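> Chain order of the listed sequences is A and B.
Residue numbers in the first sequence follow our numbering, run continuously in steps of one, and reach 139 at the last position.
Residue numbers in the second sequence follow our numbering, run continuously in steps of one, and reach 404 at the last position.
Hints were generated in silico from the structure; no laboratory data involved.
Just so it is clear, the structure is predicted and the values come from calculations on it, not from any experiment.
Think of the CB as a built atom: it goes at the ideal place given N, C-alpha and C, for glycine as much as any other residue.
Check the hints yourself; a few may be wrong.
Claimed, not checked - Now the in silico label distances, taken between C-beta atoms and shown as ranges:
hint	chain 1	residue 1	chain 2	residue 2	range
1	B	P181	A	W20	23 to 33 Å
2	B	A59	A	K54	55 to 65 Å
3	B	K339	A	E13	26 to 36 Å
4	B	T31	A	D29	28 to 38 Å
5	A	E60	B	S161	36 to 46 Å
6	B	D62	A	M21	30 to 40 Å
7	A	K54	B	D6	44 to 54 Å
8	A	K32	B	A313	28 to 38 Å
9	A	W20	B	R305	32 to 42 Å
10	B	R305	A	D90	53 to 63 Å
11	B	G320	A	M21	13 to 23 Å
12	B	L157	A	D29	47 to 57 Å
13	A	K54	B	K339	15 to 25 Å
What the hints assert, rightly or not - Computed list of lysine to aspartate or glutamate pairs in DMTMM-like fashion (alpha-carbon distance at most 20 Å, straight line):
hint	chain 1	residue 1	chain 2	residue 2
14	B	K399	A	D22
15	B	K74	B	E213
16	B	K402	A	D19
Stated by the list, open to error - Here are some chain B residues the structure puts well away from chain A; computed CB gaps all over 10 Å:
hint	residue
17	F11
18	P144
19	Q249
20	D345
21	K352
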Amino acid sequence: MTINQIQDEIIEEFSLFEDWMDKYNLLIDLGKNLPVIDPRYKTKEYLIEGCQSKVWLHPEFDGEKITFTADSDAIITKGIVALLIRVLSDRTPQEIISSDLWFIDRIGLRQNLSPTRSNGLLAMVRQIKLYAIAIDAKT
Amino acid sequence: MKNISDIRADFPILNRKVYGKDLVYFDNGATTQKPQYVINAVNEVFTSYNSNIHRGVHALSDIASEAYENAREKVRQFINAGQRHEIIFTSGATGSINAVAFSFGEKYIVPGDEIIISCLEHHANIVPWQMMCERKNAVLKVIPINDSGEIIFDEYLKLLSPKTKLVAVTHASNALGTIVPVKDIISAAHSAGVPVLIDGAQSIQHGITDVRELDCDFFVFSGHKIYGPTGIGVLYGKEKWLTDMPPYQGGGDMVESVTFEKTTYNQLPFKFEAGTLNFPAAIGLGIALDYVTGLGRAEIAERERVLLEYAVARLSLIDGLRIYGDSANKISTISFLLKGIHQYDAGTILDKMGIAIRTGTHCAEPVMARFGIDGTIRASMCFYNTEEEIDLLGKGIEKVIKMF
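Chain A extracted, bound-state conformation (with noise of 0.2 Å):
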């Protein structure tokens, strides 16, 4: 699928969902569900500044697509980064740089997210594209 299939998907899941609460739980799970990072990556070098809650982001370029593993010490964060990575790994440099993602308001997440925690997002997505970027230039 590609970036745009898989937004509009997110977008799908989350309106079956009216209540609030219930689109938390569904972060929350989507959070515990998150792959393990592996722990030699949970370091300062790939800690994302500008989160309230710790991110940990790791890419891997196998030649073709960078691949991202995260960890994050805030379950509802970490519901965040699976969202992304679920759009944004497996997917060539170039896809990722060029992407443009409109699910986060689509979903709400935005405007429902606090401000600080709403800056962490994009710093998130900014750090995704900023590691594209590299390994695109470096190739």
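Following the hints, complete the assembly by docking chain B onto the known chain A.
Same frame as chain A, but now just chain B:
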């Protein structure tokens, strides 16, 4: 005291809903809500007599200047300062501390001198002193705290030395709620000939403050934490210090005469009030102090003591909830963590229930480091909160625990 529904009716914002639910506002340690009287007073400035203070010969400037000076007198009476010119208006407690750190530092600090603060301080009572120490090659000393979040007095006494030039401590911890025995701290410092600054940002709104009884040399607080507008604060200083210290900032109103060769400074308090101060907020602060005095400060303290006791009892029923800071002497602030749940996760869900609490380090990272944690959930209450709201918080927390 007025009954609780009449008190709540004085604060229009308390009627609003958040996400369709009644607002439960437990973030009073960050800023308090404003009674209608304060909102009206600020509104009245702009609708009927806005004009720059101490400048014009015209009627409006006179009215504004008089209202501003009346507000100063109200502050003087509220903290029982000896003289009106010992009350300096600033932008807030942070502005007040920065002013003292600069002016006191310029006048009295030489390399090797020491400043004592405590582990409980808000960053606003740490960073200005670090900056001053850097400028002057002075040394910052820190009074440690025990597991209850109380200052260890004997350690403080050990830190006092002939090198000590100033002690700057908080009256009440914003992160844990501990009330610090500042009277004992001040008398010990004075017996060593050392002046003391008290950060009253978290104490002024919770009881009676008498700067002459305390005998502190400086006392600072923010207007917005005592039901007044944002952007106004107070620096109280004993006349002898304020007279001796050089001004912090230069500009209009703080001067007596200016030529390119030499400027002479205005008398107190104007020497420390450069530029156009936030006089509408100062006037609003005066009304806020009237309001608090009208409710009764002893009554407020008693009401908040009851709320704290109720909240501690209610939250203690919750499995896996740990309260940080269990001093017997506290303002109505509770810091806690839930076992296995990150404070931001809990805060996000409580927010969705309309409950406003604060999560994080509360601008007091050293306190968090002392307990080996990277933040807490903080519920800071005041007289307009109710037992019913505490029950909602309790139930909210129980729901959060089930979700994670």
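> Would you check the hint for B/K402 and A/D19, treating anything up to 20 Å between C-alpha atoms as holding?
Measuring from Cα to Cα gives roughly 17 Å; hence the hint holds.
> Range hint 53 to 63 Å: satisfied by the CB atoms of B/R305 and A/D90?
holds (58 Å)
> Range first: 30 to 40 Å. Now tell me if the beta carbons of B/D62 and A/M21 are that far apart.
Given range 30 to 40 Å: violated, Cβ gap about 57 Å.
> A/K54 and B/K339, beta-carbon distance inside 15 to 25 Å?
holds (18 Å)
> CB of A/K54 to CB of B/D6, is that within 44 to 54 Å?
The hint (44 to 54 Å, Cβ to Cβ) holds, given that A/K54 and B/D6 are roughly 46 Å apart.
> Could you check the hint for me, namely that B/K339 and A/E13 are 26 to 36 Å apart, CB to CB?
Between B/K339 and A/E13, where Cβ atoms are some 31 Å apart, the hint holds.
> Are all C-beta atoms of chain A more than 10 Å from that of B/Q249?
At about 31 Å from chain A, B/Q249 clears the 10 Å cut-off, so the statement holds.
> Does 28 to 38 Å hold as the CB distance between B/T31 and A/D29, or does it fail?
holds (35 Å)
> Checking one constraint from the list: CA of B/K399 to CA of A/D22, max 20 Å. Satisfied?
Measuring from Cα to Cα gives roughly 13 Å; hence the hint holds.
> Within 20 Å, alpha carbon to alpha carbon, are B/K74 and B/E213?
Holds, at roughly 18 Å.
> Cβ-Cβ distance between A/W20 and B/R305: within 32 to 42 Å?
The hinted range 32 to 42 Å holds for A/W20 and B/R305, with Cβ atoms some 36 Å apart.
> Could you see if the CB distance from B/L157 to A/D29 stays within 47 to 57 Å?
With a Cβ separation near 55 Å, B/L157 and A/D29 satisfy 47 to 57 Å, so the hint holds.
The structure fails to meet hints 1, 5, 6, 20, 21 from the earlier list, while all remaining hints are met.
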